[in-house]
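Enquirer: Same order as they appear, the protein sequences are chains R and W. The opening position of the first sequence corresponds to residue 476 in the working numbering, with each subsequent residue numbered one higher. The opening position of the second sequence corresponds to residue 256 in the working numbering, with each subsequent residue numbered one higher.
Derived from the structure by calculation, the hints contain no laboratory data. Some clues are possibly wrong.
Claimed, not checked - Residues on chain R that point at chain W, a partial pick, calculated with CB under 7 Å:
id: 1; residue: Val511
id: 2; residue: Gly514
id: 3; residue: Ile519
id: 4; residue: Leu565
id: 5; residue: Leu571
id: 6; residue: Thr580
id: 7; residue: Tyr685
id: 8; residue: Leu689
Small disclaimer: the values here were computed from a predicted structure and weren't measured. Glycine included, C-beta positions come from ideal geometry on N, C-alpha and C.
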Amino acid sequence: MQLTGLRRTGVLLAIPGIALVLLLHWQVFFWVPTEVTMGVIQRIYYVHVPSAWVAFMAFGIVAACSAAYLWLGDERLDMAAVSAAEGGVLFTTIVLLTGPLWARTAWGTWWTWEPRLTSTLLLWFIYVGYLLLRGATDSPQRGKRFAAVLGILGILDIPLIHLSVTWFRSLHPQAVVMRPEGPQADPSMVITLLTGLAAFTLLFFAIMTYRYALERLTVERSTAFAGTPAPSVAGGGA
Amino acid sequence: MRKKGLSFSLAIAFVLVATSLLMAQGAGDISQLARQNLRPYWHVFIAYILVWLILFGWVVSIARRLGRIERGLQGSGPPSGR
């Protein structure tokens, strides 16, 4: 059965992902030096930035699979898109929660309506809308097509988020690693960040594989019972 | 008796002077200072706990939905889709 293969792939991705998460925690709490100006609160950066990276990647997958779904009409592409969208929303939630925890100490406020924070919140709303739109129409197929269009349009917010710190007057710190002249941070900080990026990416793909298996099982089972695809399971459950 | 009264008065005077000196040096703000200095540590721990709670919650949510469908497969009823 293909689902067994998907589960095996999920486990194969999860094992190195969990190992890298353990390494990341050791690096963050015992190895990497404390940043001079911000102090210990800067350590939130090692989960905040990887979460943002994974969220952007997930929404990139949503946009690519949605475009291919509209073109080819292959249900598997829609299943991959909804699986990635669910993960993307959760990782954006992490970004939106860990950011204010850092900002309370660094800026003295939990939240400010500055360009990067506002455009990130907008991204979260767009993809929550994507998940809600799928079940909001009478015809599941029409809901999927509407959501696919939103999934493609939503990706336009990501360059805006990335460039907002240079285009507008922004409180948010500038990039310290992805700079044209190379990383400006201490090498141990860059290594810790790269560990976080690798760990979060592997964990995302591991969990997304299971989410895809769930979507596929739901659609296949309902097709076998009723001859028509069932509504997506997005947003259901715990 | 008189000696005992003098000792008591000196002790009271010492306590009052020490308290006023400490207050002058801002010792009254010690608990507030400690809270401010420890706040970043709490925020870091809360951030890391939130990350793993959210990811664990996602895994549990998928496992529950998958389990519900697999239980449905063992039965005979059509799927609800939720």
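Enquirer: Taking each numbered hint in turn, which are not upheld by the structure, reported in ascending numerical order?
Expert: Of the numbered hints given earlier, those the structure breaks are 1, 5, listed in rising order.
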